[in-house]
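A.B. asks: With these hints in hand, go ahead and build the complete structure from the sequences.
Taken in sequence, the protein lines are chains A and B. Reminder that position 17 of the first sequence reads as 17 in this note's numbering, one-by-one numbering, no gaps. Reminder that position 88 of the second sequence reads as 88 in this note's numbering, one-by-one numbering, no gaps.
In short, the hints are calculated from the structure, not lab data.
List of simulated lysine to aspartate or glutamate pairs, EDC-like, C-alpha gap at most 16 Å:
id	chain 1	residue 1	chain 2	residue 2
1	A	K104	A	D28
2	B	K80	A	D90
3	A	K69	B	D62
4	B	K84	A	D90
5	A	K102	A	D28
6	A	K69	B	D58
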Amino acid sequence: MDTVVTILILLGLLFFTGGTVGILRFPDFYSRLHPAGKLDTLGSLLMMMAFALYGLHHLTLANVLTSLKMMLIIVFVSLSSPTAVHGIVDAGMRAGLAPWVKGKKRR
Amino acid sequence: MDQVFLYSALYLGILMLLSLYRGAFGPTVLDRLIGVNAIGSKTVVMLILIGLLYQRVDMFVDISLAYALLNFVAVLAASKYFQKRKGLYEE
Numbered sequence: 001m002d003t004v005v006t007i008l009i010l011l012g013l014l015f016f017t018g019g020t021v022g023i024l025r026f027p028d029f030y031s032r033l034h035p036a037g038k039l040d041t042l043g044s045l046l047m048m049m050a051f052a053l054y055g056l057h058h059l060t061l062a063n064v065l066t067s068l069k070m071m072l073i074i075v076f077v078s079l080s081s082p083t084a085v086h087g088i089v090d091a092g093m094r095a096g097l098a099p100w101v102k103g104k105k106r107r
Numbered sequence: 001m002d003q004v005f006l007y008s009a010l011y012l013g014i015l016m017l018l019s020l021y022r023g024a025f026g027p028t029v030l031d032r033l034i035g036v037n038a039i040g041s042k043t044v045v046m047l048i049l050i051g052l053l054y055q056r057v058d059m060f061v062d063i064s065l066a067y068a069l070l071n072f073v074a075v076l077a078a079s080k081y082f083q084k085r086k087g088l089y090e091e
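C.D. replies: So, in structure tokens, the structure goes:
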């Protein structure tokens, strides 16, 4: 059980690292939203699954309820994070920010 | 198992500092918003890690859920506010 939890945590940290490197290195605001939206959702999903699995060591009612709340956080994050990213893209489009094209200076 | 949680929490803290670069020096306001959103979604995980380290997960899971909600509402409100051309400079 501990091995599975550790592997899930390491996978989640790997996805978080990818998201952070993408936020730092992508050339444009629109392309930066891609790692920010996707990899953070996947990383928090994997890490929350690891914590929910770790909580089921001793099978009592309180631990099961805590794990269910973690699953609720997963559901909420996977609903809210794409919505937030969509809101930011919509703000950028309405403000008239031009997308980056090849050859232009990286911002 | 506590060591794994401690070191992953430290690593998450370093990642949050790296995301703070985009929040502090982003060229436009929306770049800063991306950085703040990334920090928020890392904080949700980090609160659970803190709870596991202090053996109080049952309390910290509620704080984490409330923080996820707060982060979502804050990002949506800020992106609605910056839909006009406020503070979006282009060189």
